[in-house]
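Colleague: Here the protein sequences come in this chain order: P and U. So that you can map any letter, position 26 of the first sequence is 27 in this note's numbering, and since no number is skipped, the others follow by simple counting. So that you can map any letter, position 39 of the second sequence is 43 in this note's numbering, and since no number is skipped, the others follow by simple counting.
Don't read these hints as lab results, they were simulated from the structure. Each hint should be verified, as a subset may be incorrect.
Some, not all, of what chain P presents toward chain U, calculated at C-beta under 8 Å [to be verified]: (1) T29; (2) K42; (3) A43; (4) P44; (5) F46; (6) M49; (7) S53; (8) I74; (9) T78; (10) L89; (11) G101; (12) L103; (13) G106.
From the three backbone atoms N, C-alpha and C, an ideal C-beta is built for every residue, glycine too.
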Amino acid sequence: EDKVVQSPLSLVVHEGDTVTLNCSYEVTNFRSLLWYKQEKKAPTFLFMLTSSGIEKKSGRLSSILDKKELFSILNITATQTGDSAIYLCAVVEAGGTSYGKLTFGQGTILTVHP
Amino acid sequence: DTGVSQDPRHKITKRGQNVTFRCDPISEHNRLYWYRQTLGQGPEFLTYFQNEAQLEKSRLLSDRFSAERPKGSFSTLEIQRTEQGDSAMYLCASSVRQIRSPLHFGNGTRLTVT
Numbered sequence: 002e003d004k005v006v007q008s009p010l011s012l013v014v015h016e017g018d019t020v021t022l023n024c025s026y027e028v029t030n031f032r033s034l035l036w037y038k039q040e041k042k043a044p045t046f047l048f049m050l051t052s053s054g055i056e057k058k059s060g061r062l063s064s065i066l067d068k069k070e071l072f073s074i075l076n077i078t079a080t081q082t083g084d085s086a087i088y089l090c091a092v093v094e095a096g097g098t099s100y101g102k103l104t105f106g107q108g109t110i111l112t113v114h115p
Numbered sequence: 005d006t007g008v009s010q011d012p013r014h015k016i017t018k019r020g021q022n023v024t025f026r027c028d029p030i031s032e033h034n035r036l037y038w039y040r041q042t043l044g045q046g047p048e049f050l051t052y053f054q055n056e057a058q059l060e061k062s063r064l065l066s067d068r069f070s071a072e073r074p075k076g077s078f079s080t081l082e083i084q085r086t087e088q089g090d091s092a093m094y095l096c097a098s099s100v101r102q103i104r105s106p107l108h109f110g111n112g113t114r115l116t117v118t
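Taking the hints into account, I'd like the entire structure generated from these sequences.
Modeller: Structure follows, in structure tokens:
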């Protein structure tokens, strides 16, 4: 069965710190890996990664995928209190009627103190 | 607001009652997904529609659960004879049918079964 594991499960930092969130996966037929940020309600899309070694960047957030070692990291530099959220990693399997379905990890709860 | 819309936002019901939730996807999105999320966990896939066709159902979805998308637009998720274990956040997501199209989530319906 497909599996997505995130670590750490929770993290507490102070504003200005840099954090690295980890996501490892085992899927039968990998298509892509996605990162979402979830505050109170809807998960909001951050990145989609399909190729190894190509960094995706958006402001202070960046992410990279290693398809050989089956993991991804999400980096947040100069953290702010507004970065406090649950960060979810999900993978998409290729092919068949499962196309587009996300399998999520359990999430990393990030708390940024002022 | 042109995002995914879910109604109601909160539902409290007594065990044994039936409940129905509604999801209105982004208008040009032909794929629609239902997920369930419990505290401390990532969302779990329940079912998937492409237009009006329900193409996949998770084995998590017992016979008490039914979902429809009658005209390929909005969708409903009904839970019959609710149980306390059904208490969760029910998330709807939609996407277009393209290889690298991420899922866009609604704010969810939080169900509490007393």
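Colleague: Run every hint past the structure and note whether it holds.
Modeller: Tested hints:
1. T29: violated, 15 Å
2. K42: Cβ of K42 (chain P) sits 4 Å from chain U, so the hint holds.
3. A43: Where the cut-off is 8 Å and the nearest Cβ of chain U is about 4 Å from A43 (chain P), the hint holds.
4. P44: Holds - the Cβ of P44 (chain P) comes within 8 Å of chain U, reaching about 5 Å at its closest.
5. F46: With a minimum Cβ separation of about 5 Å from chain U (threshold 8 Å), the hint on F46 (chain P) holds.
6. M49: holds, 6 Å
7. S53: For S53 (chain P), the interface hint is violated, since the closest Cβ of chain U sits about 16 Å away, which is over 8 Å.
8. I74: It is violated, given that the least Cβ distance between I74 (chain P) and chain U is near 17 Å, above 8 Å.
9. T78: Interface hint status for T78 (chain P): violated (23 Å vs cutoff 8 Å).
10. L89: Holds, because the Cβ-Cβ distance from L89 (chain P) to chain U comes to roughly 5 Å (cut-off 8 Å).
11. G101: holds, 6 Å
12. L103: L103 (chain P) check passes; min Cβ-Cβ to chain U is 6 Å, inside 8 Å.
13. G106: holds, 5 Å
Hint compliance for this structure: hints 1, 7, 8 and 9 are broken, all remaining hints hold.
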